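Number of protein chains: 2
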Amino acid sequence: MVEIMNNYCIIMAGGIGSRFWPLSKDNYPKQFLDILGTGKSFIRATYERFSPVVPDENFLVVTNKAYKALVLEHLPMLREDQVLCEPARRNTAPCIAYAAYHIQSRCKDANIVVTPSDALVLDNREFERIIRLGFDFLSHNTNALMTIGIKPSRPETGYGYIQVPKNGTQEAVRKVDMFKEKPNYETAVKFVEEGNYFWNSGIFIWTLDGIMNAIETYLPDIKNVFDKGIYNFGTPEEQDFINDHFTDCPNISIDYGVMEKSPNTYTIPADFGWSDIGTWGSLYTHVSKDEQGNAVRGKVVTVDNHNCVINIEDGTEAVVQGLDDYLVAYRDKSLLVCRLHDEQQIKVWIEGLK
Amino acid sequence: MVEIMNNYCIIMAGGIGSRFWPLSKDNYPKQFLDILGTGKSFIRATYERFSPVVPDENFLVVTNKAYKALVLEHLPMLREDQVLCEPARRNTAPCIAYAAYHIQSRCKDANIVVTPSDALVLDNREFERIIRLGFDFLSHNTNALMTIGIKPSRPETGYGYIQVPKNGTQEAVRKVDMFKEKPNYETAVKFVEEGNYFWNSGIFIWTLDGIMNAIETYLPDIKNVFDKGIYNFGTPEEQDFINDHFTDCPNISIDYGVMEKSPNTYTIPADFGWSDIGTWGSLYTHVSKDEQGNAVRGKVVTVDNHNCVINIEDGTEAVVQGLDDYLVAYRDKSLLVCRLHDEQQIKVWIEGLK
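The listed protein sequences correspond, in order, to chains A and B. In the working numbering, each residue's number is its place in the first sequence (first place is 1) plus 37. In the working numbering, each residue's number is its place in the second sequence (first place is 1) plus 37.
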């Protein structure tokens, strides 16, 4: 097992998450919320999940500068310079490259885990085991680009899938055959039945060398941008350089830009109770319900409702009656009442308020 | 036509009105709301409706002391001593007697109109004509106890009715045959068909002598209470006397206590577009709707809703989708979502919040 002092964690926390409107908003996105009522925001829970294997000083949070104060509020153990501020959103590849160049200025032998900031994990112990397993694998496979692959529990059409060969099912780390975009329902059913497909969690493990080599090979445009400021990273000039040049990066995901192209991709099949809680519906499956199947949070009198999600902010009270399969959410002077099955339209509807 | 300087108006404004929860609450009852979005509260509109026939200094508002400041805020032309404060609710008879004793200390020849503070009138000019007609009638009929009777536009079961003889339909002021309690639906249909029944508006017109004589005859218990302080009315001691003795009055309505017993009752049939807006449903019938039949007030995106009442306080925004015949109301940290047809249960439901 490697020493943890070289382990780095990049938390990607730039999302704006309008899908949970009105709980999440531009000025308070999902990663800072405690939607599940656990007492911890998603970003806080993410930090705690990695802290057994990553020293506090090796966490980096990449976010928009608008959220820097929120990040430090939720993660007060971080120094200010551990919050890397993107001046604009450019998807995951530039975000990861930014953090990798920053790490390069501090530690050439870094092992890196990259994670979203707004997912749910139920079994932290198993999660830690999987992450350690990934770091261990790197000591013999410096150029491996690993993804955590989640054993699918249902034919989910909202996630990308990772295909591995049908043989070799005993191995803890599997070579990837192919990354698959979000499938339609029939394809998702097939994926689950065939057994050699996993959900793409968006959690990556690699060495600094591994990801820098991949960026050089597959994302030369991004390498060119950051190489211009190579001596600024890790200095007080870093932020100015980023502010001036980050937006020159193409908007591209690490999946599309690197993982789908590299021959060095691996996945670690895992089963630690994971969800990206990307929708109210996925939230519904993860919280306790009353006898009528309602997931209720807040001071609410519920009368004759069934299978509803009702989420009312503290300090506000509600009476809700006569709804089946509806979502009722109130926060920060904004109210949403809609059919749960139509929630994917929330983004469209809220445009009407602008 | 009598001079208006002897005309007094008693506005009864002690109601707590939980039927419009969450818009109306104990600390902000319906009479102070602008539910219809007219720019005027009910109590303000009530005052303005009477002001052509009653001098400002002859208005009296009877309310709970908790609402005194609100009354003066909505009616800043009143002096403090024009707001009579009941220490507790004792229905309309003690309320009216209190105000009558107060008026007696100021003007022995008063003509009095008594009105609720929370009804809607669409045609103020016709309203004024009717009230003047009532005052005129008093000059020849000092002991007449008049009620404004509203020509029924539908078989409403939420109002009391006033029966007049079938003959004499040309008279502007009709002798009352009988006051009828709220009927069931079949009876209400019959009342409307027969044509000699009117809704009891709760607006009364009488002389000071007329109502004092009636109180003496039919409500001696109430007379006894107020006679004890007869020399306090109109003095700085009035409020102390009321605080000490008002609750000795029996809880009884003026309809039951006087109108149903006196042989001197009359009604003036009127048709000035009246509603007591006692329910969300009655509100719905009086406001403009969008093409899908939704009555919407506030900053609301409505998607695929039909025949809903949606009422969101200023400063708050809402997206409401997929509801038919529902009520969605938000005010002052309280939310209600329920079927419009079940709104009579609101009182019961909100008990659950306590």
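Please note that the accuracy of each hint is not assured.
Any copy will do: because identical chains look the same in the list, a pair fits if it lies in one copy or spans two.
Stated by the list, open to error - Result set (DSS-like, lysine-lysine): computed pairs, CA atoms no more than 27 Å apart in a straight line: (1) Lys391 to Lys326; (2) Lys298 to Lys212; (3) Lys370 to Lys384; (4) Lys62 to Lys188; (5) Lys370 to Lys265.
For the record, the hints were derived by calculation from the structure and aren't laboratory data. Because the structure is a prediction, the values reported are computed rather than measured.
Now for the hints, and whether the structure bears them out:
With identical chains, the CA atoms of Lys391 and Lys326 are at most 27 Å apart between copies only, with a shortest distance of 22 Å across copies and 34 Å within one. For the homomeric pair Lys298 and Lys212, the shortest alpha-carbon distance inside one copy (14 Å) is at most 27 Å, but the shortest distance between copies (95 Å) is not. Proximity of Lys370 and Lys384 under a CA criterion of 27 Å is satisfied in both settings, with 17 Å inside one chain copy and 25 Å between copies. In this homomeric assembly, Lys62 and Lys188 never come within 27 Å of each other (Cα to Cα): the closest approach is 31 Å inside a single copy and 52 Å across copies.
For the identical chains of this complex, Lys370 and Lys265 are neighbours neither inside a copy (45 Å) nor across copies (53 Å), given an alpha-carbon limit of 27 Å.
Hints 4 and 5, counting from the list given before, are not met by this structure.
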